[in-house]
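Engineer: If you want the building blocks of each chain, they are given just below.
Number of protein chains: 2
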Amino acid sequence: MKDDQQRGLLSKDAFVERLTREGSTRYHDHHPFHKLMHSGNLTKIQLQQWVLNRYYYQTRIPIKDALIVSKSEDPNFRRTWLRRIQDQDGQHEGHGGLASWLELARGLGLDVEEVRSFRSVLPGVRLACDGYVQFVRDSSLLEAVASSLTELFAPTLMAQRLEAWTHHYPWVSSDALEYFQMRIARASLDSKQAVEFVVQHALTYQLQERCVQALIRKTEILWHLLDCLYMAYVEPGSGGKKTE
Amino acid sequence: MKDDQQRGLLSKDAFVERLTREGSTRYHDHHPFHKLMHSGNLTKIQLQQWVLNRYYYQTRIPIKDALIVSKSEDPNFRRTWLRRIQDQDGQHEGHGGLASWLELARGLGLDVEEVRSFRSVLPGVRLACDGYVQFVRDSSLLEAVASSLTELFAPTLMAQRLEAWTHHYPWVSSDALEYFQMRIARASLDSKQAVEFVVQHALTYQLQERCVQALIRKTEILWHLLDCLYMAYVEPGSGGKKTE
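In order, the protein sequence lines correspond to chains A and B. Letter by letter, the first sequence follows residues 6 to 249 of our numbering. Letter by letter, the second sequence follows residues 6 to 249 of our numbering.
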C-alpha cells in the first residue's frame, strides 16, 4: 500500500491498457462453460439453463444502472446513463433488452413465465447477481462505472456468439438472437462513455487502482455465474474445480 | 399497534381521503414563511434566499427518483418513473426543471454559479434535503412512492404562486416563472400515477398506515426547509417558535 501511495498517475493510455488487460484476461469468454457454448458443445438443456439463469443477471442491469444514476450530481451524466435503463426496459411495453432476452428464452423453447418467475435460478447465480447490485450500491460512482467496463469486451463476444450460435445451434431462430445483435453497437457506445468517465475522474494512482479492482470484481461475478452453471449442468459435483 | 394489526383495509376512497387530509393539513403552504411569500411580504433578499436554498432540494429530486427506480422490479413502473428524472434533467443540456430553476434564480438577480455551488445553502436545509434522500434510500418502494404524494397539492400551489408572484413581485420576469408553470401539469400527472401505485400496493391497513407516515415525514422535510429560512432570514433567533 505504501508503494501505491507513492506511485504516480498512469497516463491515460497506460491506465486504459491496464484496465483492458486485467479485464480481458479474466473475462468470462475464457470460462469452460462459455467455451463449450461457443464450440457448439452445450446440450439444449445446458443452453436453456444458461439463458434462464442469465436472465436474472439481465434483470439486475436496470436496477444497478438506476443506482449509478442516483450517485451522480451531474444532469449530463445522468441523462447519458439513463439511456442504459431505457435500453433494457424499452420505450414501450414488450420492447427493450429484457423483452429481447425473453424472446431468446422463447426461441430456445423455454416457458417464458417460468423464466420470469426466477423460480429455477441457481442459488449461486442469484448470490452473484445480487452481489453485483450490492457492490454498485456500496461503491463510489467512479468504482460503479468502472465495474461496467466488462462491456469493453462485449461487442467482440456478441459478434462471435451470433456466429457460433447460428452455426452450432441452428434450431434457435435468428429472430431470437436480436439481443446479441443489439448489444454489439450499444456495448461499444456504452463502454466508450464509461472509459471516458473513468479516465476523467480517476485522478490519482489510488483511484485508478480502485477502478481496476472494481472491474476485476465484476469479472469475478460474471465468472462465478458460469461456475454455478458448470457445477449444476455440466459436471455436477465438480465444485468448480474444472473451471480453474 | 395491536389495534392496528386488527384493523381492516381502508377502502380506496377512504385511504386516498386520509392521505389527502394528513398531507394537506401539514403541507408547507401553511408555513409562515410561505404565507409571507404568497402575500407579497417577502423582501427581495428573502425571496432570493428561498430560491437559492430550495435549489438544493430541487437537485435532490432526480437522485431520489433514481433510487425509487432502483427499487422496482417492474420495467413498466421504471419506464414511467424515469420520466421524472428526465423532467428535471431535461432531454438536452440547459433544458429541464433544474435548468428552469436556475433561470428563476437568474430572474431574481442571483449569481447562478453561487446557486449551483450550494455554498450558501443553510445547514438545516441541507440536512432536511439529505434526510429526504436517505429516507427514500432506506424505505420500501411503496413508502418511497407514498412520500412523493406531496405532489397532490403542488398543482394548486403552483397556480397560486404564479398569480401571487406576478402580482406581488412584478420585477421577476414571467419567463423566470416557467418552472412553476411546467409543474402544474406535470405534478398533476405524477401524483395521479403515484396515487394509483400506492392504492394498488398498500394491501393491508398496516401498509396503508406506512404510506400515510411516509407522506407525513415528507411534509415535515418540506416544512423544516421553511423553518430554516424563517429562522435565518425573517426572524433570526426565533428558533422556529413562530412557525409552530
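Quick caveat, the hints were computed from the structure, so don't treat them as lab data. The beta-carbon is built from N, C-alpha and C at its ideal position, and this holds for glycine as well. There may be inaccurate statements among the hints.
[To be verified] Far from chain B, by Cβ distances over 10 Å, these chain A residues were calculated:
#  : residue
1  : K17
2  : R23
3  : Y62
4  : T64
5  : S75
6  : S77
7  : E78
8  : N81
9  : R84
10 : E119
11 : D135
12 : V177
13 : G242
14 : S243
[What the hints assert, rightly or not] Across the chosen pairs, the derived CB separations fall in these ranges:
#  : chain 1 : residue 1 : chain 2 : residue 2 : range
15 : A       : L194      : B       : H35       : 22 to 28 Å
16 : B       : R121      : A       : I189      : 48 to 54 Å
17 : B       : R124      : A       : T25       : 39 to 45 Å
18 : B       : H35       : A       : D143      : 37 to 43 Å
19 : B       : S29       : A       : S122      : 39 to 45 Å
20 : A       : E225      : B       : E168      : 55 to 61 Å
21 : B       : H35       : A       : I189      : 22 to 28 Å
22 : B       : P241      : A       : R23       : 51 to 57 Å
23 : B       : Q218      : A       : K49       : 50 to 56 Å
Engineer: Confirm or reject each hint.
Structural biologist: Hint check:
no., hint, verdict
1, K17, "25 Å, holds"
2, R23, "30 Å, holds"
3, Y62, "14 Å, holds"
4, T64, "7 Å, violated"
5, S75, "4 Å, violated"
6, S77, "8 Å, violated"
7, E78, "7 Å, violated"
8, N81, "6 Å, violated"
9, R84, "5 Å, violated"
10, E119, "17 Å, holds"
11, D135, "13 Å, holds"
12, V177, "24 Å, holds"
13, G242, "33 Å, holds"
14, S243, "33 Å, holds"
15, A:L194 to B:H35: 22 to 28 Å, "49 Å, violated"
16, B:R121 to A:I189: 48 to 54 Å, "39 Å, violated"
17, B:R124 to A:T25: 39 to 45 Å, "40 Å, holds"
18, B:H35 to A:D143: 37 to 43 Å, "40 Å, holds"
19, B:S29 to A:S122: 39 to 45 Å, "41 Å, holds"
20, A:E225 to B:E168: 55 to 61 Å, "59 Å, holds"
21, B:H35 to A:I189: 22 to 28 Å, "57 Å, violated"
22, B:P241 to A:R23: 51 to 57 Å, "55 Å, holds"
23, B:Q218 to A:K49: 50 to 56 Å, "52 Å, holds"
The structure fails hints 4, 5, 6, 7, 8, 9, 15, 16 and 21 (numbered hints given earlier, in ascending order).
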